[in-house]
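Asks: Based on these hints, arrange chain W on the given structure of chain Z.
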Amino acid sequence: MQPISATNDFVVKFANVNGSGSASANELFARAVLRMGVPVASRNIFPSNIQGLPTWYEVRVSGEGWLGRRGGVDLMVAMNPQTWDKDVASIDPGGYLLYDSTKPLPAAKLRKDVTLLPVPLTEMCNRAYSDPRQRQLFKNITYIGALAFLLGIEATAVQWLIAEQFEGKEKLIAPNLQAFNLGYDYAREHLKNACLLKLARTDKVGNRIFIGGNEAAALGCVWGGAAVCAWYPITPSTSVAEYFTKHCERYRVDPVSKKNRYAVVQAEDEIAAIGMVLGANWNGARAFTATSGPGISLMQEFFGFAYYAEVPAVVFDVQRGGPSTGMPTRTQQSDLLLAAYAGHGDTKHVLLFPEDPREAFEFAAAAFDLAERLQTPVFVMSDLDIAMNDWLCKPFVWEKDRKLDRGKVMTAEDLEAGKTFGRYLDVDGDAIPYRTLPGTHPTLGAYFTRGSSHDGQARYTEEGTLYVAGMQRLLKKFETAKSLVPQPVERSAKEKAKHGVIYYGSTSGAMNEALDTLERQGFRLDALRVRAFPFPENVIDFINAHESVFLVEQNRDAQLQKLLVNECAIDPARFISILHYDGTPITARFITGTIADRLKLAKAKEAAE
Amino acid sequence: MTYITKPKLHHPGLATNKLGFTHRDYEGRISTLCAGCGHDSISAAVIQACFELDIEPHRVAKLSGIGCSSKTPDYFLGQSHGFNAVHGRMPSVLTGANLANRELIYLGVSGDGDSASIGFGQFVHCLRRGVNMVYICENNGVYGLTKGQFSATADKGSKAKSGAINADSPIDLVSLAIMLGATFVARGFSGDRKQLVPLIKAAITHQGSAVLDIISPCVTFNNHAGSTKSFDFVRAHNEAVNRLDYVPAEKEITVDYKEGSTEIVRQHDGSVLKLAKLRSDYDPSSRVAALAHLQDRQEAGEIATGLLFLDPKPEDLHGHLNTIDAPLNRLGQDELCPGADALEAVNAEYR
Numbered sequence: 001m002q003p004i005s006a007t008n009d010f011v012v013k014f015a016n017v018n019g020s021g022s023a024s025a026n027e028l029f030a031r032a033v034l035r036m037g038v039p040v041a042s043r044n045i046f047p048s049n050i051q052g053l054p055t056w057y058e059v060r061v062s063g064e065g066w067l068g069r070r071g072g073v074d075l076m077v078a079m080n081p082q083t084w085d086k087d088v089a090s091i092d093p094g095g096y097l098l099y100d101s102t103k104p105l106p107a108a109k110l111r112k113d114v115t116l117l118p119v120p121l122t123e124m125c126n127r128a129y130s131d132p133r134q135r136q137l138f139k140n141i142t143y144i145g146a147l148a149f150l151l152g153i154e155a156t157a158v159q160w161l162i163a164e165q166f167e168g169k170e171k172l173i174a175p176n177l178q179a180f181n182l183g184y185d186y187a188r189e190h191l192k193n194a195c196l197l198k199l200a201r202t203d204k205v206g207n208r209i210f211i212g213g214n215e216a217a218a219l220g221c222v223w224g225g226a227a228v229c230a231w232y233p234i235t236p237s238t239s240v241a242e243y244f245t246k247h248c249e250r251y252r253v254d255p256v257s258k259k260n261r262y263a264v265v266q267a268e269d270e271i272a273a274i275g276m277v278l279g280a281n282w283n284g285a286r287a288f289t290a291t292s293g294p295g296i297s298l299m300q301e302f303f304g305f306a307y308y309a310e311v312p313a314v315v316f317d318v319q320r321g322g323p324s325t326g327m328p329t330r331t332q333q334s335d336l337l338l339a340a341y342a343g344h345g346d347t348k349h350v351l352l353f354p355e356d357p358r359e360a361f362e363f364a365a366a367a368f369d370l371a372e373r374l375q376t377p378v379f380v381m382s383d384l385d386i387a388m389n390d391w392l393c394k395p396f397v398w399e400k401d402r403k404l405d406r407g408k409v410m411t412a413e414d415l416e417a418g419k420t421f422g423r424y425l426d427v428d429g430d431a432i433p434y435r436t437l438p439g440t441h442p443t444l445g446a447y448f449t450r451g452s453s454h455d456g457q458a459r460y461t462e463e464g465t466l467y468v469a470g471m472q473r474l475l476k477k478f479e480t481a482k483s484l485v486p487q488p489v490e491r492s493a494k495e496k497a498k499h500g501v502i503y504y505g506s507t508s509g510a511m512n513e514a515l516d517t518l519e520r521q522g523f524r525l526d527a528l529r530v531r532a533f534p535f536p537e538n539v540i541d542f543i544n545a546h547e548s549v550f551l552v553e554q555n556r557d558a559q560l561q562k563l564l565v566n567e568c569a570i571d572p573a574r575f576i577s578i579l580h581y582d583g584t585p586i587t588a589r590f591i592t593g594t595i596a597d598r599l600k601l602a603k604a605k606e607a608a609e
Numbered sequence: 001m002t003y004i005t006k007p008k009l010h011h012p013g014l015a016t017n018k019l020g021f022t023h024r025d026y027e028g029r030i031s032t033l034c035a036g037c038g039h040d041s042i043s044a045a046v047i048q049a050c051f052e053l054d055i056e057p058h059r060v061a062k063l064s065g066i067g068c069s070s071k072t073p074d075y076f077l078g079q080s081h082g083f084n085a086v087h088g089r090m091p092s093v094l095t096g097a098n099l100a101n102r103e104l105i106y107l108g109v110s111g112d113g114d115s116a117s118i119g120f121g122q123f124v125h126c127l128r129r130g131v132n133m134v135y136i137c138e139n140n141g142v143y144g145l146t147k148g149q150f151s152a153t154a155d156k157g158s159k160a161k162s163g164a165i166n167a168d169s170p171i172d173l174v175s176l177a178i179m180l181g182a183t184f185v186a187r188g189f190s191g192d193r194k195q196l197v198p199l200i201k202a203a204i205t206h207q208g209s210a211v212l213d214i215i216s217p218c219v220t221f222n223n224h225a226g227s228t229k230s231f232d233f234v235r236a237h238n239e240a241v242n243r244l245d246y247v248p249a250e251k252e253i254t255v256d257y258k259e260g261s262t263e264i265v266r267q268h269d270g271s272v273l274k275l276a277k278l279r280s281d282y283d284p285s286s287r288v289a290a291l292a293h294l295q296d297r298q299e300a301g302e303i304a305t306g307l308l309f310l311d312p313k314p315e316d317l318h319g320h321l322n323t324i325d326a327p328l329n330r331l332g333q334d335e336l337c338p339g340a341d342a343l344e345a346v347n348a349e350y351r
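Residue numbers (the numbering used here), protein chains in the order written: chain Z, 1 to 609; chain W, 1 to 351.
Chain Z with its partners taken away, still in its complex shape (with noise of 0.2 Å):
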């Protein structure tokens, strides 16, 4: 078997044990080679669990600036003994293993097509160092001093980048550089010309940033002007309100009274945390909360009062695995259906579907704008994927001129020079009424908030027609939102294409390299990237517009695309379902493998027709 030779191009898994120390090191290895201008995408695949179970990172190396996974792997960094028949087992062929050679195993473990590049790490570590917490922890800058030298990795990046991480903790820098000297020089010495993998210095990172989704998202709270977060811990979310308390600590402090020009609440559950959101929007502060499935199911009454009594709210849906408990820690795109259709009775909720980290802080602070501007719950529709990694992506974009929307409220010099308020009459058109905040005017503009059935002016009345007048302005209210939202991407095929795909989210990175690669096979295919819900009307002249069109998603029952039948009316037989729901993040190798398969198909099909 031939060694796989590449450049620039290649995926290495690390493979730990949780709570071993692992993350740190694999992070420097992910953010070396970003030093050396190539491009990474990487991804964390962990356990429910703080120590002891299974864990991966997967760092996908790609020259071309590829920023899904691509599926296979050619280097696996085998640590964990729990899980090494499988990890050995998934290794491409022609690919390569680094494992802990300080024992001897029995040829059956190892693999006849991959090159072995075997490291005695414990045995190494056990020499060097004398306390056994660090003998386990030096374990892994060791591996990586190690591919650093197969992979030509430049050792000054990375003793840079250690000196970075442990600034103003300098007693660690020296036995870290210790560590991964000892790794690098034992591949110079011992595995000379052994690996075909390599990295080569170019500029293909730019000036990109490279964060992860729930920071990103903080980091949007911040700047859209978020002045209250009340939350419940919950993965994959939970970061989102402790990055948005680390950099208001930073950003929002008073300078003279060093007050906070912010509050961060941990509720006693999801259902107190969106009764804060609502209570502090109601009253004009800019409020959010983070959440994830369970989170948001425990919500859904809230919703249903925020979408009748229009209180806005941003509310952070990091998904994960469903349904249940699921999977915790895997991602998934499951809860489109309970996030739009929130509450019992008939609602509807605008979600917006950011494609990482940039989109996740560009959406977190136009979903402020948005739910203020339409006076209702906005969700931005992150998942695991896009929150818990880092991703490479373009810098955050903040125009100099740019105001917040603080939408239709009423002030009380407004209500002074006479104008008509009613809490909930249509005076625009738009079917977005006029608010105003308690505390505003002696004997003008209070109203009652209720999610009983109310009239113009928000009194209570069980009168049918009145209901039904608030219900149909509710509908023209969601068309309204329909131009406001974030409107798709579309990227049409080089030549007429017959077939579409549809997609969203953290699907995007894989779906573009798929694309490429499906050009290249011959296979013309027109593409568009959803980005909110409700959907605007070119989602529906893109999709009459093909004889049928792939629509690829992240979970079972094709959620989306259940969404687009039942709001535009669409002929379900026109949609061909790409699903990827195994919990861990699409592959560009799958998407290509499946619609590839699919046109292969229908071309047979057509010539034996």
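Do not take every clue at face value.
Covered by chain Z, per the in silico footprint, the following chain W stretches (three or more residues, Cβ under 8 Å) [as the list claims (entries may be wrong)]: (1) 49 to 59; (2) 70 to 80; (3) 188 to 196.
No lab work stands behind these hints: they were computed from the structure. Note that the Cβ used here is the ideal one computed from N, Cα and C, for glycine as well.
Replies: Chain W alone, transformed into the frame defined by chain Z:
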């Protein structure tokens, strides 16, 4: 209930307060509760308290949950914004509203079903946080809107209108409130306006979590023999530990009081609470003593009322969170958004 709209006109000789408002300016819409409902007496007491405190009605936000009691904010302070939340979740909405604007007075109105059953968790946690509010629980031991089921505050052995006997132990909201860190805890009776109005006034001026558990008999479903929340039963077993007199900050205390029988407590805003001790052994400044007394009276089948616990120097949620003095909802874009240059600096840190 009545369906006749109240006329806007009122007698020219109606008393006005410092703001020039009459009682009528503190009223709301016509109550739709049953005639004689204890809750309407509480609404009247709230109106009187706000009138006497010269509160601008629009500086109050009234929030409630679901149930008979939670309907009442529609029946007082018509110039205040109201929020009728979902069942049992008033405390969280109030907490959020309070975070957004610390300058308003937050009046939460709930019932025993709303607070002690479905919303028990929220009742507990908003008190732990020390939200600056007045939390009124209009407690009748029964679900009125769904016609007479026991609530979680119904006493063990209490008889329903249908004849059923309650076998479950009751939840005592005042004891809990004291344990959870509320800094003003009182129990009143809707049938005793003289006791109630000063309690509400003191609770409003208290700058912390103030809980008022008000026994408020349900005339339709829980006012019969065998009920421990009927007018007759409460009158017969009411054991007031003190009588409260509220004196605003600027007024001097002129009324003489007998040494040893009256306790003077100065609140943070300078106002004074004069407590005429009806039980010489009762000490409202001690959580432990208050809890012991409540247990003791409960054992004896009595209902202790009055100001049960008071910490005159309360902390509140804003203090814990160190939020700025100005309301968060008044912050402008420059105070909220760090801007374009700061974002460029963030980008640079992630390269």
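Asks: With reference to the structure, classify each hint as holding or not holding.
Replies: Right, here's what the structure says about each hint:
1. Against chain Z, the region 49 to 59 of chain W contributes 4 residues with a C-beta closer than 8 Å to a partner C-beta. That satisfies the three-residue criterion, and the hint holds.
2. Under a criterion of three residues with beta carbons nearer than 8 Å to beta carbons of chain Z, the stated coverage of the region 70 to 80 of chain W is upheld, 5 such residues being counted.
3. Figure legend: the region 188 to 196 of chain W, annotated as covered by chain Z; annotation inconsistent (0 residues with Cβ-Cβ distances under 8 Å, at least 3 required).
Hint 3 alone, counting from the list given before, is not met by this structure.
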